[in-house]
Structures are given as C-alpha cells and as structure tokens.
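Colleague: Chain by chain, the residues:
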Amino acid sequence: MNWFTNTFGTSIGKKLMMSCTGLAFCGFLAVHLAGNLTLYGGADLFNAYAEHLHSLGPLLTVAEFGMLAFACIHILSALVLYLENLKARPTRYAVNKNAGGRTIGSSTMPYTGLILIGFITLHLINFHFVDKTDRTIFEIVSAALSNPGLALAYVAAMIVAAIHVSHGFWSAFQTLGANHPKYMPIIKKAGLIFSLLIAVGFGFIPVYFSIIS
Amino acid sequence: MSKTINLTLKVWRQKGPDVKGKLETYQADGISTDMSFLEMIDVINEKLTRDGKDPIAFDHDCREGICGMCGCVVNGRAHGPEKGTTLCQLHMRHFSNGDTVVIEPWRSRAFKVIKDLVVDRSAFDKVIQAGGYVSVNTGGAPDANAIPIPQVIAETAMDAAACIGCGACVASCPNASAMLFVSAKVSQLSLLPQGKPEAAKRALAMVRKMDEMGFGNCTNEAECEAECPKEISISHIARMNREFLKAGLFSSEK
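Residue numbers (our numbering), protein chains in the order written: chain A, 1 to 213; chain B, 1 to 254.
Hints listed in this document are in silico derivations from the structure and should not be mistaken for laboratory results. As the structure is a computational prediction, the values presented were derived from the model and not from experiment. One thing to keep in mind: the hints can contain errors.
[To be verified] Straight line, CA to CA, 20 Å or less: simulated SDA-like cross-link-like pairs of lysine to any residue:
| no. | chain 1 | residue 1 | chain 2 | residue 2 |
| --- | --- | --- | --- | --- |
| 1 | B | K196 | B | S251 |
| 2 | B | K209 | A | G9 |
| 3 | A | K87 | B | E212 |
| 4 | A | K87 | B | D18 |
| 5 | B | K201 | B | S135 |
| 6 | A | K97 | B | V101 |
| 7 | A | K132 | A | D44 |
| 8 | B | K246 | A | L176 |
| 9 | B | K254 | A | T5 |
| 10 | B | K254 | A | F4 |
| 11 | A | K97 | B | L23 |
| 12 | B | K10 | A | R92 |
| 13 | B | K246 | A | C20 |
| 14 | B | K209 | A | T5 |
| 15 | A | K97 | B | P81 |
| 16 | B | K209 | A | N6 |
| 17 | A | K97 | B | V102 |
| 18 | B | K20 | A | R92 |
| 19 | A | K97 | B | D99 |
| 20 | B | K246 | A | N2 |
| 21 | A | K97 | B | R107 |
| 22 | B | K230 | A | R102 |
Please model the entire structure based on the sequences and the hints provided.
Modeller: Shown next, in the form of structure tokens:
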C-alpha cells in the first residue's frame, strides 16, 4: 500500500472524501438555487438563463461529469462507511436512548441520502433527459410542476435535502478539522440557515407553479 | 434522611465470551437512595451469593470516578443518565421507586464481552501502544519552565488528558467509533512541545490501529461528547482529523 491509499483508505480518509464532495454539492446547491430564482422572473428570463448556461458547451459537460464523479465518490464512501458502522456493533442494545448529541439530521443521514438519490434520478428524468426539441425549458418545468403529485414530491424532497444538509454542512467542516471556538458556532448557524434557504428557496418553486397554473 | 426504593433490574447475563447471553430480571428491594449504582449491584450480588447463584460480574476499581474501570449502559445511556458522571459516581437518588433499570455491557465489535457486564478493552491499549507516547531519552531532569507553554495550550492539553479510557465514547456512539478516545490522546500530545517531533507518525499509527481494531467510523453525532464522564469535547476529534490530514498529505511519514 502506498501513502495515498494508506491515507484515504482509513476511516478519516473516507470521511474526508465525504466532506469534500459534500461541500462541493453545497456549492452546487447554492448556484442551482441562484439560477432557479430566475423562474420568478418569468419564461423569458428563465429561458435566457438556461440558454446562457448551455452556451458554455464543453465546460458544462465537464462540470456534469465532474458532478457525476463526485456523486459516485460520495455514495460509495457513504455505503462503505455505513456497512462498516453496522459491523462495528454486532450485538445491538436492548434500550437505545440519545444523550443529546444526535439531531434529526445526523441520525437520518443514510436514509435522507437514499431518498435524495431517488429524487435526483427523478429530477434528471423530468428535466434533463427529456425531449426539448419543440418546447422551451420553462414550458417543461411549468407543465411538470403543475402536476400536484409531482409538485408535492418535489417539496418533500427539498425538506429531505434540507435535513441532510443541516447535519452535512457543519459535519464537513468538523471532518476537515475546522473546529475553532470562534468560528464553529458561526459554521453551525450558517449550516442551519443554508438548509432553511434550500427548503424554502427550492421548496417554494413547485408551490408557486401550483398557484399560477 | 435516607429513603429506600424498590427497583426491577434487567441485567445482561453471559457466562463467557463465546456463549449466548440474555437479559435476566432481578428484584432490587429496599435500596437506599444514598447508595451508588455499584453499591446497589453489590447488594444484589450478596443476595445472589447467599442463594447459591452466580453473582453479576462487573468492572470497578477506585469507585471515585477517576480510574476508568467501571461502566455499563443503563437504560440506553453509558454510565447512566447523569452528565459528566462515571457509573460509580451515579447515585440511586436519581432513580424513582418502581423504576425498571436495564443494565447492558458496552456493545462494540472491538470490546468482547468477557462475562456479564465485563468487556475486554485491550483494543484501547493496542491503540495507545501504536503511538500514544513520547520518546524521551533519560538523563537529568530538565529545568522547570525551560520550555515555555502558553497557559491556554496547557489547559486544552489537560482537558484531553482527562480521558480515563473507560470506553463510554465507543459505547454511546451509534457507530461504535473510538474517535473521542483516540483523539484525546492524539490531541493532548500534539498540543505540547514534547509530543510534536512524533506528531505525524503518531497520528497515522494510532488512526490505522483504531481502524484495525474494528471500531466504527465517526459520523459527527456528538453522542460521545454528551456521554463522556470527563466531558471531553469533540473539538479534539477535529484536531485529530487535522493532525491526520497533515501527516497523511504533507509529512514525509508513509
């Protein structure tokens, strides 16, 4: 084993991969949210944004495959960590009680993560792998989100994403070793505000389309 | 005024490491609320012995909260429900008459049950042997204050050194991870000048040994911090993460 696998193969190494890819997804969510806000500006603004994004050409493809690679790293490390953690306690306790450390976010990470994989697949089918020849992207979004069932699923998924991020954000900093008495309280608050922004920012879009349709 | 309570105990009984165990119910009547939790088990054990039965095996030594020998999971909480308390320092006044108390051993693949509530914590010793030391040549004692250490650094190192190695962090972690224990030692030694020369080697060796012993991975649940009888902070885990990354990526240690 060389130094690279010796470092990244350890428990802390795997967690480092989780935290770096997780923070990258947080960055992606922020940019995605900023872009989606153009939906409120109407069809022209949103279509112009989408067109501008697609004019990046190969850059966009590189970014897409980068995201895919990051997702693979995040999901595979999570799976390995999850299975190892299950194995680490072969006999479970008869009584389980929290001492106050765990949060809704931290105790549901594997499950919220699993739901998010499902949501992202659905989301890509809805808006990425879809026939865009004779409809603008705004029309596609509008048509999809005026379906009450789908709109509800999107809102629910955004709440799940917010719960996932509420633990993931500060956790990523802790894993990177960035725990400082001055900054950790700010990081924790920033994580909560960020997850609220995700829930409200993304979550209100399906509601908005339900109202205008 | 001392008062007495009656409890129903459900205690994990297991004859040996490779035997199947189960919870057995005992009646604990007339328990003085001034007793410690271990004294309560002593009372039960005397009765079991008089009845010709096998007493409940449990670890204990100083009974002053400083040795790290005792510890069980009481109603799902390591060392019982009180914060910053070892099991020997938990008193029966924190229980009410008629309570059912479930007592289980630390559960972890790395801590095998030896008998009943006694677990083998030698995995911790192996982690310490991997790097929890400083190599110092013997000779004349250095002058006091020859190496100036800022007060805040000395205090932080002392906070980490307060770890008694009881294993409550592993027991309370949803993943049975030993990160708080290992980080307390890595952190303590990396903060002090005496520990710096071996810091990179130590971080790599101790983390690898921890993984090898079969502990789980930290998911930053912070349950360990909440249960630690010495209230050691998870900021030490962050320091170990830092030390490990520095050692793995930027030092010449392999």
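Colleague: For the pair supplied as a hint, B/K254 and A/T5, confirm whether the alpha-carbon distance does not exceed 20 Å.
Modeller: holds (10 Å)
Colleague: Given the hint that B/K20 pairs with A/R92, test it: the Cα-Cα distance must not exceed 20 Å.
Modeller: holds (13 Å)
Colleague: Would you mind confirming whether the straight-line C-alpha gap from A/K97 to B/L23 stays at or under 20 Å?
Modeller: Distance of about 18 Å is within 20 Å: holds.
Colleague: Within 20 Å, alpha carbon to alpha carbon, are A/K87 and B/D18?
Modeller: holds (17 Å)
Colleague: Compare the distance between the alpha carbons of A/K97 and B/R107 with 20 Å, and conclude whether the hinted pair is satisfied.
Modeller: holds (14 Å)
Colleague: For a C-alpha distance cap of 20 Å, please report whether B/K209 and A/N6 respect it.
Modeller: It holds: about 12 Å lies between the C-alpha atoms, which stays within 20 Å.
Colleague: Given the hint that A/K97 pairs with B/V101, test it: the Cα-Cα distance must not exceed 20 Å.
Modeller: holds (13 Å)
Colleague: Just to be careful, I want the Cα atoms of A/K87 and B/E212 compared with a cutoff of 20 Å; is the pair within it?
Modeller: Measuring from Cα to Cα gives roughly 13 Å; hence the hint holds.
Colleague: Below or equal to 20 Å on CA atoms is what counts here, so check B/K196 against B/S251.
Modeller: holds (13 Å)
Colleague: Has the given pair, B/K201 with B/S135, been kept, meaning a C-alpha gap of at most 20 Å?
Modeller: holds (12 Å)
Colleague: Does the alpha-carbon distance linking B/K246 and A/L176 stay inside the 20 Å limit?
Modeller: Given that 20 Å is the threshold and the Cα spacing comes to 11 Å, the pair holds.
Colleague: Hint check: B/K246 vs A/C20, CA-CA at most 20 Å. Holds or violated?
Modeller: Holds, at about 16 Å.
Hint compliance for this structure: every hint is met.
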